[in-house]
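Novice: These protein sequence lines are chains A and B, in that order.
Residues 1 to 296 (our numbering) make up the first sequence, in order.
Residues 1 to 296 (our numbering) make up the second sequence, in order.
Simulated from the structure, these hints should not be mistaken for lab results.
Idealized CB from N, CA, C, for every residue including glycine.
Incorrect hints may appear among the rest.
[Stated by the list, open to error] Dumping the calculated SDA-like pairs for lysine to any residue here, alpha-carbon to alpha-carbon at most 25 Å:
| no. | chain 1 | residue 1 | chain 2 | residue 2 |
| --- | --- | --- | --- | --- |
| 1 | A | Lys15 | B | Asn141 |
| 2 | A | Lys97 | A | Gln157 |
| 3 | B | Lys15 | A | Gln157 |
| 4 | A | Lys42 | A | Glu16 |
| 5 | A | Lys15 | B | Ala8 |
| 6 | A | Lys15 | A | Ala52 |
| 7 | B | Lys97 | A | Glu47 |
| 8 | A | Lys15 | B | Glu47 |
| 9 | B | Lys250 | A | Glu47 |
| 10 | A | Lys15 | B | Thr63 |
| 11 | A | Lys250 | A | Ile174 |
| 12 | B | Lys15 | A | Asp146 |
| 13 | B | Lys15 | A | Glu111 |
| 14 | B | Lys226 | B | Thr166 |
| 15 | A | Lys42 | A | Glu229 |
| 16 | A | Lys97 | B | Thr166 |
| 17 | A | Lys250 | B | Tyr102 |
| 18 | B | Lys15 | A | Glu47 |
| 19 | A | Lys15 | B | Tyr102 |
| 20 | B | Lys97 | A | Gln157 |
| 21 | A | Lys250 | B | Thr166 |
| 22 | B | Lys97 | A | Asn104 |
| 23 | A | Lys15 | B | Asp146 |
[What the hints assert, rightly or not] From the derived model, a few chain B residues whose C-beta atoms are all more than 10 Å from chain A:
| no. | residue |
| --- | --- |
| 24 | Arg11 |
| 25 | Asp70 |
| 26 | Asp81 |
| 27 | Asn104 |
| 28 | Thr108 |
| 29 | Gln144 |
| 30 | Val158 |
| 31 | Arg163 |
| 32 | Arg215 |
Number of protein chains: 2
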Amino acid sequence: MQRLNTIAEQRAWTKEQHAAGRQIGFVPTMGALHAGHISLVKKARAECGADAAIVVSIYVNPTQFDNPEDLERYPQTLDADIAMLTAAGCDAVFVPKTAEIYANGHATFVEVVGPLVEGLCAVARPGHFRGVATVVTKLFNIVQPDVAVFGQKDLQQVLIISRMVTDLNLPIRIVIGPTVREADGLAMSSRNRRLTPDMRIKALGLQRGLELANRAFKQSEVNAVKLAEFVYNETLVHPGVDVDYATVVKLPNLVEVEHADDQCVLAAAIFVDGVRLIDHVHLGGAAIPVNVEADS
Amino acid sequence: MQRLNTIAEQRAWTKEQHAAGRQIGFVPTMGALHAGHISLVKKARAECGADAAIVVSIYVNPTQFDNPEDLERYPQTLDADIAMLTAAGCDAVFVPKTAEIYANGHATFVEVVGPLVEGLCAVARPGHFRGVATVVTKLFNIVQPDVAVFGQKDLQQVLIISRMVTDLNLPIRIVIGPTVREADGLAMSSRNRRLTPDMRIKALGLQRGLELANRAFKQSEVNAVKLAEFVYNETLVHPGVDVDYATVVKLPNLVEVEHADDQCVLAAAIFVDGVRLIDHVHLGGAAIPVNVEADS
Chain A
1 MQRLNTIAEQ RAWTKEQHAA GRQIGFVPTM GALHAGHISL VKKARAECGA DAAIVVSIYV
61 NPTQFDNPED LERYPQTLDA DIAMLTAAGC DAVFVPKTAE IYANGHATFV EVVGPLVEGL
121 CAVARPGHFR GVATVVTKLF NIVQPDVAVF GQKDLQQVLI ISRMVTDLNL PIRIVIGPTV
181 READGLAMSS RNRRLTPDMR IKALGLQRGL ELANRAFKQS EVNAVKLAEF VYNETLVHPG
241 VDVDYATVVK LPNLVEVEHA DDQCVLAAAI FVDGVRLIDH VHLGGAAIPV NVEADS
Chain B
1 MQRLNTIAEQ RAWTKEQHAA GRQIGFVPTM GALHAGHISL VKKARAECGA DAAIVVSIYV
61 NPTQFDNPED LERYPQTLDA DIAMLTAAGC DAVFVPKTAE IYANGHATFV EVVGPLVEGL
121 CAVARPGHFR GVATVVTKLF NIVQPDVAVF GQKDLQQVLI ISRMVTDLNL PIRIVIGPTV
181 READGLAMSS RNRRLTPDMR IKALGLQRGL ELANRAFKQS EVNAVKLAEF VYNETLVHPG
241 VDVDYATVVK LPNLVEVEHA DDQCVLAAAI FVDGVRLIDH VHLGGAAIPV NVEADS
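One chain only, chain A, in its complex shape (with noise of 0.2 Å):
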């Protein structure tokens, strides 16, 4: 696997691809990588085929960030992510250096506008989206993919970039890869490595409470206050638990929504002792893995 660690490294590898005629799949991280990443990247494979050169990025961009504790305290683990995109059968990784993407007084941005960036995340961490549509529009414009894949479980991130993508006519194709959860029904997630046994026990309220909401759904509840009490209900019984939403709302645009239907996802976000984690059901959709009965 090659490593590029500056725009002008990348710039020449896609030439190179271009040149010999292979289309390019991409996969934009923030490091610190998880077998959700890894499903990433082989799912970038299957959509564009095994001549097709795939790259991971991995840069924490600094503008998507609010709070600038959350920014120093991201997990950073090169070494490993280079040998797991490695053994994942990856082309190249480019790793930027903040000093070049942000170089010389940038003062431009990308912002989506509307009610998909109103609700769910946007509201508690203003510019945030702002930021990722910036440096994605950014490295896709270095990186110049056919393909992109994004992980369902941000899922008001891909939407917003997908709507950034038509918007801005960018010649790319997004695709999204479902959410990757570990044995016990926990959504994949970088943030995932700050929880200790203890915090994961109240993180594992989250999923439950999403998935007996998809239940009450399928058994015809469709009050959106009373679908979102569920994940109310499993995680603020543990001390350190704050919800900061839980919230039905319908795709594709996020509007917020008072009677769910099956277009609807009810979309949740908890902070666990100060760690912040989301995840969402797709209401009648499949079910999350849980033991609902367990810690009840």
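Got chain A; can you put chain B on it based on the hints?
Specialist: Then chain B, alone, in the frame of chain A:
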């Protein structure tokens, strides 16, 4: 010359040029073409070489008009435009429709922030440069040119676009073509079509004021207020003329200064019976060809 009416037609043309190994030179316009635009087409040819493919877009972008009346009155002369481009040896003209450019709930904007968008035309035209940056990003992603050429007359615009191209890592080289003037010194503009002979006489005060300031600067006047006064004095003598601004700013960020040096321009915008005209002079630079004695 090929006429491309849809995004798909433009993309197919671009693909064809790239497959043939040809560079693409691009001149985005809002139509109502004049000799200034044609000079940009020729500049694109000179920059990209005889083998290159040159494409001009004609699109009156609604998101850059803060004033709906101004949008409605913007001159449209498509048949004449196409004849001029054909005569100039242009290879293709891209004439998209708003229904396609801003389709399906468009909600993404590109915005430059900071000093470049805090003064001059940005003050009187809120949202104008956001609309320009957004549509130019879209056109760049559709046309995928190697080189794009903009006129120096719209100095703030081309500096904002250059900033945006750098910041978003767009793989495009921005080239500036010099302002083309009528025999009487008036900077060419599509809006000049709206000037009656009487209004035209009033309009000439603008470049006369700029040139008098330039002469004063060359004779050691550096006080920005005094330099700007030449514009006020030469224009406000006419009934129906208003000065929007006359300001000495420093390149490349267009920060207003109190004392001019040779890195400065005096930029001005006036209204002549409601028609907005802009012009500027690089202090210490080439003279504007005006008859300073006439009409004073």
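Novice: For every hint, state whether the structure bears it out.
Specialist: The hints, checked one at a time:
{"no.": "1", "hint": "Lys15(A) - Asn141(B)", "verdict": "holds, 17 Å"}
{"no.": "2", "hint": "Lys97(A) - Gln157(A)", "verdict": "holds, 23 Å"}
{"no.": "3", "hint": "Lys15(B) - Gln157(A)", "verdict": "violated, 30 Å"}
{"no.": "4", "hint": "Lys42(A) - Glu16(A)", "verdict": "holds, 22 Å"}
{"no.": "5", "hint": "Lys15(A) - Ala8(B)", "verdict": "holds, 24 Å"}
{"no.": "6", "hint": "Lys15(A) - Ala52(A)", "verdict": "holds, 13 Å"}
{"no.": "7", "hint": "Lys97(B) - Glu47(A)", "verdict": "violated, 32 Å"}
{"no.": "8", "hint": "Lys15(A) - Glu47(B)", "verdict": "holds, 22 Å"}
{"no.": "9", "hint": "Lys250(B) - Glu47(A)", "verdict": "violated, 50 Å"}
{"no.": "10", "hint": "Lys15(A) - Thr63(B)", "verdict": "violated, 34 Å"}
{"no.": "11", "hint": "Lys250(A) - Ile174(A)", "verdict": "holds, 20 Å"}
{"no.": "12", "hint": "Lys15(B) - Asp146(A)", "verdict": "holds, 14 Å"}
{"no.": "13", "hint": "Lys15(B) - Glu111(A)", "verdict": "violated, 29 Å"}
{"no.": "14", "hint": "Lys226(B) - Thr166(B)", "verdict": "violated, 35 Å"}
{"no.": "15", "hint": "Lys42(A) - Glu229(A)", "verdict": "violated, 36 Å"}
{"no.": "16", "hint": "Lys97(A) - Thr166(B)", "verdict": "holds, 16 Å"}
{"no.": "17", "hint": "Lys250(A) - Tyr102(B)", "verdict": "holds, 23 Å"}
{"no.": "18", "hint": "Lys15(B) - Glu47(A)", "verdict": "holds, 22 Å"}
{"no.": "19", "hint": "Lys15(A) - Tyr102(B)", "verdict": "violated, 31 Å"}
{"no.": "20", "hint": "Lys97(B) - Gln157(A)", "verdict": "violated, 30 Å"}
{"no.": "21", "hint": "Lys250(A) - Thr166(B)", "verdict": "violated, 37 Å"}
{"no.": "22", "hint": "Lys97(B) - Asn104(A)", "verdict": "violated, 36 Å"}
{"no.": "23", "hint": "Lys15(A) - Asp146(B)", "verdict": "holds, 14 Å"}
{"no.": "24", "hint": "Arg11", "verdict": "violated, 7 Å"}
{"no.": "25", "hint": "Asp70", "verdict": "holds, 23 Å"}
{"no.": "26", "hint": "Asp81", "verdict": "holds, 23 Å"}
{"no.": "27", "hint": "Asn104", "verdict": "violated, 7 Å"}
{"no.": "28", "hint": "Thr108", "verdict": "violated, 4 Å"}
{"no.": "29", "hint": "Gln144", "verdict": "violated, 7 Å"}
{"no.": "30", "hint": "Val158", "verdict": "holds, 15 Å"}
{"no.": "31", "hint": "Arg163", "verdict": "violated, 6 Å"}
{"no.": "32", "hint": "Arg215", "verdict": "holds, 34 Å"}
Checked against the numbered hints above, the structure breaks hints 3, 7, 9, 10, 13, 14, 15, 19, 20, 21, 22, 24, 27, 28, 29 and 31 and satisfies the rest.
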